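If you read the sequences in order, they're chains X, W, D, Z, R and H.
Anchor point for the first sequence: position 197 equals 197 in our numbering, and the numbering is continuous, going up by one each time.
Anchor point for the second sequence: position 23 equals 337 in our numbering, and the numbering is continuous, going up by one each time.
Anchor point for the third sequence: position 124 equals 752 in our numbering, and the numbering is continuous, going up by one each time.
Anchor point for the fourth sequence: position 73 equals 1015 in our numbering, and the numbering is continuous, going up by one each time.
Anchor point for the fifth sequence: position 273 equals 1529 in our numbering, and the numbering is continuous, going up by one each time.
Anchor point for the sixth sequence: position 48 equals 1618 in our numbering, and the numbering is continuous, going up by one each time.
A portion of the hints provided could be inaccurate.
Each computed DSS-like pair below joins lysine-lysine, with the alpha-carbon atoms no more than 27 Å apart [stated by the list, open to error]:
no., chain 1, residue 1, chain 2, residue 2
1, Z, K1130, R, K1317
2, D, K646, R, K1490
3, Z, K1144, D, K816
4, R, K1444, Z, K1144
5, R, K1444, H, K1772
6, Z, K1176, H, K1772
7, W, K548, X, K188
8, X, K291, H, K1758
9, R, K1490, W, K548
10, D, K646, Z, K1130
11, H, K1581, R, K1444
12, H, K1758, R, K1444
13, Z, K1198, H, K1631
14, H, K1588, R, K1317
15, H, K1631, W, K502
16, H, K1631, R, K1444
17, W, K605, X, K291
18, Z, K1130, D, K639
19, R, K1317, Z, K1176
Anything over 10 Å on all C-beta distances counts as not near chain D; from chain W, calculated [to be verified]:
no., residue
20, Q322
21, R510
22, T534
Some chain D residues close to chain W (C-beta under 8 Å, calculated; not the full set) [to be verified]:
no., residue
23, D664
24, E665
25, R832
26, N834
27, E843
28, G846
None of these hints come from the bench; they were simulated from the model.
Keep in mind the model is a prediction, meaning the values are calculated, not measured.
We put the beta carbon where it would ideally sit given N, CA and C, even for glycine.
Protein chains: 6
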Amino acid sequence: MYFVGTQQILKELGLNNKIVTAEIFANRPGLLAGIDEALSLLEPLPVQVEALDEGTTITAKQVVMRITGRYGDFGLYETALLGILASSSGWASATREIVEAADPVPVYSFGARHVHPAVASVMDRAALVGGAKGASSILGARQANQMPSGTMPHALLLMAGDTVEAALAYDRIMPEDAPRVVLVDTFKDEAEEAIRVAEALKERLNAIRLDTPRERGGVTPELVREIRIRLAQKGINHVGIFVSGGLTPERIIALKEAGVTGFGVGSYIAAAPPLDMTMDLKAIDGQPVAKRGRIPGLTPSPDLKIRKWMPSGD
Amino acid sequence: MYFVGTQQILKELGLNNKIVTAEIFANRPGLLAGIDEALSLLEPLPVQVEALDEGTTITAKQVVMRITGRYGDFGLYETALLGILASSSGWASATREIVEAADPVPVYSFGARHVHPAVASVMDRAALVGGAKGASSILGARQANQMPSGTMPHALLLMAGDTVEAALAYDRIMPEDAPRVVLVDTFKDEAEEAIRVAEALKERLNAIRLDTPRERGGVTPELVREIRIRLAQKGINHVGIFVSGGLTPERIIALKEAGVTGFGVGSYIAAAPPLDMTMDLKAIDGQPVAKRGRIPGLTPSPDLKIRKWMPSGD
Amino acid sequence: MYFVGTQQILKELGLNNKIVTAEIFANRPGLLAGIDEALSLLEPLPVQVEALDEGTTITAKQVVMRITGRYGDFGLYETALLGILASSSGWASATREIVEAADPVPVYSFGARHVHPAVASVMDRAALVGGAKGASSILGARQANQMPSGTMPHALLLMAGDTVEAALAYDRIMPEDAPRVVLVDTFKDEAEEAIRVAEALKERLNAIRLDTPRERGGVTPELVREIRIRLAQKGINHVGIFVSGGLTPERIIALKEAGVTGFGVGSYIAAAPPLDMTMDLKAIDGQPVAKRGRIPGLTPSPDLKIRKWMPSGD
Amino acid sequence: MYFVGTQQILKELGLNNKIVTAEIFANRPGLLAGIDEALSLLEPLPVQVEALDEGTTITAKQVVMRITGRYGDFGLYETALLGILASSSGWASATREIVEAADPVPVYSFGARHVHPAVASVMDRAALVGGAKGASSILGARQANQMPSGTMPHALLLMAGDTVEAALAYDRIMPEDAPRVVLVDTFKDEAEEAIRVAEALKERLNAIRLDTPRERGGVTPELVREIRIRLAQKGINHVGIFVSGGLTPERIIALKEAGVTGFGVGSYIAAAPPLDMTMDLKAIDGQPVAKRGRIPGLTPSPDLKIRKWMPSGD
Amino acid sequence: MYFVGTQQILKELGLNNKIVTAEIFANRPGLLAGIDEALSLLEPLPVQVEALDEGTTITAKQVVMRITGRYGDFGLYETALLGILASSSGWASATREIVEAADPVPVYSFGARHVHPAVASVMDRAALVGGAKGASSILGARQANQMPSGTMPHALLLMAGDTVEAALAYDRIMPEDAPRVVLVDTFKDEAEEAIRVAEALKERLNAIRLDTPRERGGVTPELVREIRIRLAQKGINHVGIFVSGGLTPERIIALKEAGVTGFGVGSYIAAAPPLDMTMDLKAIDGQPVAKRGRIPGLTPSPDLKIRKWMPSGD
Amino acid sequence: MYFVGTQQILKELGLNNKIVTAEIFANRPGLLAGIDEALSLLEPLPVQVEALDEGTTITAKQVVMRITGRYGDFGLYETALLGILASSSGWASATREIVEAADPVPVYSFGARHVHPAVASVMDRAALVGGAKGASSILGARQANQMPSGTMPHALLLMAGDTVEAALAYDRIMPEDAPRVVLVDTFKDEAEEAIRVAEALKERLNAIRLDTPRERGGVTPELVREIRIRLAQKGINHVGIFVSGGLTPERIIALKEAGVTGFGVGSYIAAAPPLDMTMDLKAIDGQPVAKRGRIPGLTPSPDLKIRKWMPSGD
């Protein structure tokens, strides 16, 4: 409807064959993601595309993509393009913050439960661009034939009625090469349960996981430190401590000091605001244009690379 | 993988036929949306489902859905269910805030450019639950055979080179019943352009639209008031003033006073944080359970309604 | 030395028989305590004393005591008098704040470990003036032949190695009429341990006590509420919940709502700043005097009562 | 009562001969005092004691004392020990702050009127640990056969009716070697009175003292500077300026610049919050223990020194 | 130069006989002053003038004056008109704040020493519009043949060497009907000096004046109260207390409570920011005009009164 | 009245021939102005004057002027002297702040419309002391036979009805050497109008001026940058950009970066608070004196220069 309207108006005005150039830029600095998905969207269209690389650190107003062609051939896709870039870059930028705080401890995206399932794997891909080492989304794991982190939900433990019993069954069932990571905050004090699980699974236990609810004080650096020492006092030094639940860069810095060996981060990544993008028309048949408030003409952008040539017939 | 694991462990423990009850609740207050989509997801499963109505105002920790069945029959869908409810309720809650600020002036969702296209229509549906009167998403408009608001992009105006020329062409092309809403901030001062457009389209003009960029001070109440009076001094009293661009509840309250007749709201809705949801197992074969930090047993929830019965064979 | 000096100077100046009147007032509002101890100090002296009642709510600058006599007969005691009144009133005022927040739940002073043992019982007496229902100080308990609250230290539990075992031995040893209050935060999650202890001592258990360390999140309203409900789900409704550790009026208000039945308050009372007192000479042989910055003459003080007459020989 | 109970329970459990080790640590950093008094308390007991030196600067959680023996032999003294260390260290820490601000100008503790007389000399001793050069407490002065600072109360001046007259009598009475320090804020403007006193006592005057009440603006740096210069303009350069009244580290820094030669500090020292201490059982018969939230086993503490050996018979 | 230019350009454009209407409004709310002086400026010009009354309380953007005539006949005076209104209204508005705080105690403008002598009497007139009861400016007093308040400068007292001696000489010299107001903060403590002066001048003393410098704590409510009571204890109840020095509405409220009988306010009035004014052309030959950002045409202003008619010949 | 009184009292006391020295100092740091005008005021008097240079940067309490003579010969002028120095130094100090922010871009004082016309030229002279390059006051321009900045008021443009038409007339009328500076915010978007004016006046245009009202977002750095580039894209590189309206040091720093070539600053200079001055008597016949709170005797002031000798006859 709408776009047919735009096309018809251009034709009515005799402008439908004008070659225009549009630029897309972000309104604030961040980490660029979604470029590859955006290029897939543009692939079938008779336009030329320049873009930055996926994973580029960008400044406010830096041009991330430039499209040249007939407006009728790509204008329809403006909203989808901006949405892809804004949402993926928002998630990637937040992940980057987390990863920098956690460095060198690995970070896993646990955000799937906070976003619509249609974009869970998009978010997890953006988190990988931002430096995450893995992700928890079930569908993502299925596709990737990969073992998601954070296995064994609280529900399984509650049904088993005892963490050690559940952990032993889990150990019997799972393939040898799957990591054994066991939640230890379901029934008992975490330190007590961590020792019980470690003594039951012995060398087969890879890590315990702490996801202590806010009602029990959440996961604090002191708790991590105490569990690490109590395990060591039992001669258990090979077991990692994986932490999840309401993590932010500030909390991660303190927890890292205390000896955490892996972080599962959910809402900080999933609820990151989009890195808003704008598309501006900057030239028509090579002549600079711009609406009020913007600089007419192409923006000098030495880092853009041509990713797709205008089809020769056009 | 993962879930097969969980199923197998339950079987190993002889627990796979236990009937469990899980409750989903929100971690903060808000407006519930996504229930209908969640029920569609659960439709094929052999479980009983109770839920609140779409659009219910909820408190923190209020149970919004309760599922009873074998854990192996629905546990796989936990992440997807939570994601659907959290994202839709986040968008709906933010829209509600906007709509209450704008009341009685209508609000349209302009958020599509800030979210991934796979969820643009989900967001727009949530915005309608939150009280929006319409939405701008192109795909949504295609499906709905509806005229999206906010027509005539800046790009079309730039190509035409003059707002009045573009508006006249638009008027010639468009069906009689389509509203004529013309952007007046592309080339000239908004007040000057508003009068030019109104004098050109006369009674056929429904509204002008202001989307003044931040570089020109954005849209202020004073600008709206001045345009309204300058149009009236020319005898033009039938033309609405539609405003978009960086709107928040605070700005909307002041703009409404100045005489705005419609708001297009983008990032306030699209970037709303998810209304995070949690699913807890609360009973196994009728016995109350809960992990540490939570109250065992079903939560008294008089407003839940049975939306799907357990299939009789189960 | 010093005071002999003052006496000698007065004699040198021929002023040693002048009858003077001094007033003591507090520099900020609060709850007056220590009056009785102050009167004991003045008892042997040939002076007349007027004073407010112990436990009076006072305003800034209100006169709390007035002494008439020869300066040489009481000046030596100024520092001691002010110190008694300032420290006791400081402790009583802070207790009053706590008691008002906790009302009607009883408050016990647990402050002894924060003050020098020479004043622990003074502080506990001031806390009683402030409305506390009891106190924990060992020496105080010995004198009073009373059972101090907060029995069974963490050390005893650690030595026993198990809370239930210790609680059973305690129950066997203690006289029938002593209350059974058992700490449940030493080894295990508080909810788990509370149920174990309640099931072991049955009707003989009066209350559990929570003193959860900061490293485990402290005692939160959610923890109290959960324990209360988990006990009730086991049919245990007669067991109180006594809370101690870093309590302030703000925290107490929230904990009271959650169902706490007793509070043990330490540092908020013990570390209360003194309610500073000043003694000013206001008349000499009936003539008003005052140093710069103060009003000469007796301050109208209708609530003062004569507590000690000038010995007739003087 | 209570402790007999604990002892009996240990016996009932067959644990009364266990050798335990307890550690005492402060909950925040500060200056340690009270160790010597604590050691006196432990002297008669059959336990081994390690401790830091009186006056050590400590960090949060640093072990300040470690006691090894039968719990029944020292558990009774836990509250008293903690109270001694917490109160003395609180006073010493606050004095240290004051002394560092005043350095190199000497500081005297004037806090006696803010604390109970039973602990006034304890506080003054702690202030000396914190670096004070002397103290005003009357009883302390008596014991020490020392001339307390801050002599000549306002009351004496008011009775004399004139500062100069009182100062001359004081000078006639006092031993030759006692310092002459005269309060100059009782009747007249301090600058006027300072000159009168200095001209009357000439070379025999050691210092004037300013204790100007808040109602007359308190003692400001400008006042000190002006008095210093007005005295110098009269050729009086040997007279010190001693200041008291509501002093804090901030005020002291500015006053020191202005030429103060001595500070009398009261409520900043006396009202200092205790430096709270905790005693934890860390080993039983050599085996590490700890309650939840603490690290089991002895804390590495290289600065502890053995201050008392376990009696050989034990 | 400049304006000749404007006139010539209008002539060049054939516009010099156009009748225009200009409106003056304030940019924030306040108290209007300077209208009478502005009207005097416009008196000789061939224009019609409407204006609000001197002393009107105005809102932001309210029209305070409207001028109709040939632009060439009054444009030259725009800057002067705006300056007169802005400065006088700024002074009047600040005075109003002070007067409301002091009510019913009278306020005198002591601001002359803070402004250029060319505007000292303008400021004092504006202060009278704002509710001041009098003013101290020497020149103003000369013109008004009035006795300025705040007589007897510190310099006179310093030269006399004693306040009482100066006061007695002043009393001998001054006409019988002049009020005797004596500064009492030059040499001695104010309370001491107040009594000396009151006892020397007896019934002839009208008031003492306190202008205590910041270095002596300024004038506090406690000082005022103490002096009032000390005078009363001497039987002196007829002497007022006049206060000056750094007064603000907040300080005045507290001082009024303490018994001050007159305030001399300087920099709060003198340093008040101008109440900025703008003049806009709103009509040309009766047709509404305005620059961008302003509403064209006359602003409805029912309170404007015609203060000067257009000369009939024009 | 008043002063005659003072003189008569001195005579009554036999003090009228005493030679006194008074010092004037500022109460806070700033830039000294008004010295020359103050010296003119003192010129006819039989006194000796020392002073700092006009334009000296001064510290709080630094002596800026010292007067020696009979008090009766200059005391009358105290208020006027202080007012001259305080107001001029206040204006100069604020201008200095602006000039430092703008450096090296020139600043012009546009403050005349905010102050009373009697002091407009005083303020402009002070602004020149503070580093301004020129001023806009009409009267000042008349006296100086100089072309004021900021020519062509909005009113002239509104009457002409079109900026270009007015600019062309202005260009025809004005002498060849007068700069052509044209306001471009009256009717149209500033960028559009700037190009129209530049294309009309070509090389004869010196600068455009932006004074965009707050209702249109004020003048932002982005607006300046865009206009500069849009002009350059038309090949116009010789036209300056002059900005006025609500400028502060903060705004100026950002605007300077964007390419502004001149600033017109009004209320920041005009509404600057006076740099309050105090005059103290410091010696009488060579003997140091001072009121309470001040240091008696001459203040060491090496930078004072003798600007006027005592007439030899005195």
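Going down the list of hints, with the structure as the test:
1. Between K1130 (chain Z) and K1317 (chain R), the direct Cα distance comes to roughly 55 Å. Violation of the 27 Å bound is thereby established for this hinted pair.
2. Straight-line distance between C-alpha atoms of K646 (chain D) and K1490 (chain R) comes to about 22 Å, which keeps the hinted pair within the 27 Å bound.
3. Restraint check for K1144 (chain Z) and K816 (chain D): not satisfied, since their Cα atoms lie roughly 75 Å apart, outside the 27 Å limit.
4. Restraint check for K1444 (chain R) and K1144 (chain Z): satisfied, since their Cα atoms lie roughly 22 Å apart, inside the 27 Å limit.
5. Taking the CA atoms of K1444 (chain R) and K1772 (chain H), the gap is about 75 Å. The hint is violated against a cut of 27 Å.
6. Pair hint K1176 (chain Z) plus K1772 (chain H) does not hold up; C-alpha atoms about 78 Å apart against a cutoff of 27 Å.
7. Proximity of K548 (chain W) to K188 (chain X) is assessed by CA-CA distance (about 77 Å); at most 27 Å being required, the pair is judged violated.
8. Taking the CA atoms of K291 (chain X) and K1758 (chain H), the gap is near 14 Å; set against the 27 Å cutoff, the hint holds.
9. Straight-line distance between C-alpha atoms of K1490 (chain R) and K548 (chain W) comes to about 80 Å, which puts the hinted pair past the 27 Å bound.
10. Between K646 (chain D) and K1130 (chain Z) the CA atoms are separated by roughly 23 Å; this keeps the pair inside 27 Å, and the hint holds.
11. For the hint pairing K1581 (chain H) with K1444 (chain R), the CA-to-CA distance comes to about 24 Å; that is within 27 Å, so the pair holds.
12. For the hint linking K1758 (chain H) to K1444 (chain R), the alpha-carbon distance of about 69 Å lies beyond 27 Å, and the restraint is violated.
13. For the suggested pair K1198 (chain Z) and K1631 (chain H), the alpha carbons sit about 20 Å apart, so the restraint of at most 27 Å is met.
14. This hinted pair does not check out: K1588 (chain H) and K1317 (chain R) have alpha carbons roughly 57 Å apart, beyond 27 Å.
15. At roughly 56 Å between alpha-carbon atoms, K1631 (chain H) and K502 (chain W) are farther apart than 27 Å, so this suggested pair is violated.
16. For the hint linking K1631 (chain H) to K1444 (chain R), the alpha-carbon distance of about 23 Å falls within 27 Å, and the restraint holds.
17. Using a Cα cut-off of 27 Å, the hinted pair K605 (chain W) and K291 (chain X) is violated, with the two alpha carbons roughly 58 Å apart.
18. Of the supplied pair hints, the one linking K1130 (chain Z) and K639 (chain D) holds, its CA atoms being roughly 24 Å apart against a limit of 27 Å.
19. Restraint check for K1317 (chain R) and K1176 (chain Z): the C-alpha separation of about 63 Å exceeds 27 Å, so the hint is violated.
20. With a cut of 10 Å on Cβ distances, Q322 (chain W) stays outside the contact zone with chain D, its closest approach being about 29 Å.
21. The Cβ of R510 (chain W) sits about 62 Å from the closest Cβ of chain D, beyond the 10 Å cut-off, so the non-interface label holds.
22. The Cβ of T534 (chain W) sits about 42 Å from the closest Cβ of chain D, beyond the 10 Å cut-off, so the non-interface label holds.
23. Below 8 Å, beta-carbon pairs count as interface contacts, and D664 (chain D) has none with chain W, the closest being about 48 Å; its hint is therefore violated.
24. Residue-level restraint check for E665 (chain D) is violated (minimum Cβ-Cβ distance to chain W is 48 Å; threshold 8 Å).
25. Here the hint on R832 (chain D) is broken, as its CB sits about 25 Å from the closest CB of chain W, past 8 Å.
26. Because the beta carbon of N834 (chain D) sits about 24 Å from the nearest beta carbon in chain W, more than 8 Å, this interface hint is broken.
27. At about 16 Å, the closest approach between the beta carbon of E843 (chain D) and any beta carbon in chain W exceeds 8 Å, and the interface hint on this residue is violated.
28. Among the interface hints, the one on G846 (chain D) is violated; its C-beta lies about 14 Å from the nearest C-beta in chain W, farther than the 8 Å criterion.
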